[in-house]
Amino acid sequence: MYKLINSPYTNNPISVLKIADNLCIPLDPNNTDYQAYLKWVDAGNTPLPADEPATGA
Amino acid sequence: MASSINASTSGPGGVITTADNSGILNLQSGGNTVATVNSAGMTTVGTVNVPNTFGFKNRIINGAMVIDQRNSGASGTATVYTVDRWYFDASQSSKGTWGQNLNSVTPPAGFTNYLGFQSSSSYSVGSTDYFGFFQKIEGYNIADLGWGTANGKTITLSFWVYSSLTGTFGGALKNNSANQCYPFTYSISSANTWTQVFITIPAPNTGSTWLTNNSTGILLYLSLGMGSTYSGTAGTWSGNNYASATGATSVVGTNSATWYITGVQLEVGSQATSFDFRSIGTELALCQRYYSKSYDLGTAPGTSTSLGMISNIASTTIIDMGFRYPVNMRTAASFAIYDPNTGTAGNYAYGAAGTSGTWATIAQGSTGFVIRPQAGFGAGNGVYFHYSASAEL
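These protein sequences, in sequence, are chains A and B.
Mind the numbering: the first sequence is residues 758 to 814 in our numbering, read in order.
Mind the numbering: the second sequence is residues 3 to 395 in our numbering, read in order.
With the rest of the complex left out, here is chain B (with noise of 0.2 Å):
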């Protein structure tokens, strides 16, 4: 038994205690207990409204899917990164359409973006098959979680999702190496509308390998239809390469099903607590160690427009033109330049007439680039050019 306070919900109100000698105490609203003090601490059920965040707490970049340098709100059906730091990833092509804010639902309260999926087809999914979304955690933001030590820390994966399919869905976590993963599930009873998911999940293995560098850390899987060759027994570690659970609800599998997910947080713990919203700035700037560009942040790559441009006067015929990244990225980072003008891909624009020309690469690292635009300008005309860089994971 256990003392308890109660908000009472009904007849005349008030504030209803009772009392024992266990030691232990239950908040209760309306009969409900909510919250439970012993000699250990405090359990809460639910969500711990926390107001305040501790550093970086959601592991996850871009939870509230509110980046998306390269698409800038468009649509599209290729296995790429959707919004920042979220990969489409699919084993068939043409099974469904991604985007940010897909359909223009309404995102659950205090959210202002979604990331949206729409199945364009009944598909079967073969036992090798794979669809759904994913974010590779970089290893230096686990380091602390300690897994695969005796000294492992739970964490607990939380998120809102919204789909026109009802059942138990499911996804999975595995490190870089895929030879460690937890398939779980979750469930959506109601058809369109946003539910929580509240997913608490124990340390791995001792001895089990998680990298604690600038590769992948953890591998957050979430599934929109598995082949059974990489579907598993939900709730438990396994050596096998899962990225689902067996049984899970496959969304490809109904013609036009939607799926939408937001407010994705991973932290330290057993216990979800409120989602860590962070200024446009920093969450920017975390997508920036994994892709950059210099066009505005609504433009996406490859569109004709000067705005954000790089550019530079020749003063002779050979002209060098570096650039230093918004921020250090993960590793030496590809990177692509883009005509201002035209737009295209892998040619820089000269003059005034904007004549589209090539380059050279003279050097490129994590910090930034150097390019030697090729013959064609001269001395006194304008030498521009757009970029992006990407050091995923």
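Pulled out of the complex, with its shape left as it was, chain A reads as follows (with noise of 0.2 Å):
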């Protein structure tokens, strides 16, 4: 499972969160994990949404 992160700043998403290995992974198409996550999404799986952003940005 995976949760999408959300800039504190632009509150879009900038990562997403592999639950299971505390991973977080950049929205980057060159990096492998990003590309796992893409094929997860591809398979019909919604990741969980992004937390409200942290204050104080």
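If you're looking for bench data, these hints aren't it; they were derived computationally from the structure.
Beta carbons: idealized from backbone N, C-alpha and C, even for Gly.
It is possible that some hints are incorrect.
As the list claims (entries may be wrong) - Computed from the model, here is a short list of chain A residues facing chain B with C-beta under 7 Å:
no.: 1; residue: Pro770
no.: 2; residue: Asn779
no.: 3; residue: Asn788
no.: 4; residue: Asp790
no.: 5; residue: Gln792
Given two chains presented individually in distinct reference frames, assemble the corresponding complex, making use of the accompanying hints.
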């Protein structure tokens, strides 16, 4: 399972958290973890939504 | 025929010369030719012992299996990276154990480490099964080979291997799309003895695609057991996805069979040269393009330790903490955060009591990352964490 991570500055996704490994994955098409995430999404899965942005940005 | 200069190893000894007008000169030891000189240059038999290196001669990183950032010498069974840059690949779980210096045999002369595998069953591979170690070589590091062009260069793969089994073993080279593959074989004639292997591989077909950027240029696969689907004819390029040669010995097929390897070198040319020993600092930096951590080199991520941790003192209840990787990574890296007190992945720690907390990502790239520890700490608290980062191919 994955969870989106939003930037506290823009409130747009900047990373994806792979929950099982506590691995923070960049939205970079050359990153093999991100490639695996995209395959997971293509298989019909949906990540958990991002938390509310941290305060104090 | 040829002229020859022979250093005798029998009888009264001395140098024996013979001459003709062929324009060819053989240099011999004990009657065996070790080098031939003609108008085109010099050709040698076996290893050319060249003490110096030629820049980035060996395209394999961590070929001497010295760097083991993830496991620090511990063994495992999972399909993960073992020693740096070497991935254990298996279609079935629990068929064997891998590890740096597994079972503590003496490495070949000149080496201090090896990567080992020991089978844990007598598994009969199915047609689509695969077992082995592989390393992906980044495209930038093979760009000079000219593969896929009319000027493609011949390469030579060499390594030391040791097994409890004898026979013909296999492996393959392939491109990123696995539609250009070169299965190869090598022989081990004496069990439990280090054997040096030399395999010369011609350039692949003109028009084939070999990436020369930060994606996979060449994948080197060393098989421990391969199903027929992924096994092909040795010694020829194929458009099929092969990872070994047909008929190669299956290490996973014999319970407790062992297979060890070190000194892996892939270089330009049709002749193997002496192993390209690099300084530990250089080899580590090459590995850190693909994986790095804040822990000491001999400490596995997730260990409870403060050595190497990243820390700061919060002056308010908000703090952003950035870290720059020791070398620029191949691409934007995935990272994990660890609590230095407990080793727990996913948490940072704060305060004298070392309370765990969660964090948010502010930025991440190929040069570093920034996180924001979440609420819990106060002004004057120490805030600290460890990290590991991966940008593997």
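(message) Run through the hints listed earlier and report the numbers of any the structure violates, in increasing order.
(response) As far as the earlier hints go, 1, 5 are violated by this structure, in ascending order.
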